[in-house]
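> Sequence:
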Amino acid sequence: MSHPIDNPDLPLDELMARWPETIGVFIDHRLLCIGCLIAPFHTVVDACREHGVDEETLRADLHRAIEAQLRPSLNRTS
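Quick note on numbering: the sequence shown equals residues 1 to 78 in the numbering used here.
Rather than coming from a laboratory, the hints here were simulated on the basis of the structure.
Incorrect hints may appear among the rest.
Pair by pair, the computed Cβ-Cβ distance ranges are [claimed, not checked]:
1) R71 / E50: 16 to 26 Å
2) F41 / R71: 14 to 24 Å
3) H3 / D54: 24 to 34 Å
4) R71 / R49: 28 to 38 Å
5) G52 / I5: 14 to 24 Å
6) P20 / T57: 26 to 36 Å
7) E67 / E14: 28 to 38 Å
Virtual Cβ for every residue (Gly too), placed ideally from N, Cα, C.
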């Protein structure tokens with residue numbers, strides 16, 4: 001079963017609004033999509049193609065960020 005983030009038509013601004021934990025991933029990949037006027041129209045595929053970023057790597061990092069947020073207790077030490 002695919003994750004909603006894998007929807008090829010999902011605009012970047014909606015992706016970041018639904019999963020704010022992904023914003024750091026875009027920054028790490030030097031993608032300045034946050035607040036970009038094109039973000040409502042660009043998808044992950046578009047951004048990767050436009051900026052020469054490997055789509056598979058970016059998607060894997062986006063998934064990791066979301067999964068880490070869903071399981072915060074596994075990432076914290078007591």
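> Against each hint, give a clear statement of whether it holds in the structure.
For each hint, the structure was consulted:
Taken as a hint, the range 16 to 26 Å is violated for the pair R71 and E50, whose Cβ atoms sit roughly 32 Å apart. Range check, F41 to R71: Cβ separation about 32 Å, and the 14 to 24 Å hint is violated. In this structure the hint that H3 and D54 lie 24 to 34 Å apart at CB is violated, the actual value being about 18 Å. As the Cβ distance of R71 to R49 is approximately 31 Å, the hint placing it in 28 to 38 Å holds.
At about 21 Å, the beta-carbon gap between G52 and I5 stays in the expected band of 14 to 24 Å. Our hint of 26 to 36 Å for P20 and T57 is violated, since their Cβ atoms are close to 21 Å apart. Taking 28 to 38 Å as the suggested C-beta distance range, the pair E67 and E14 does not conform, at roughly 19 Å.
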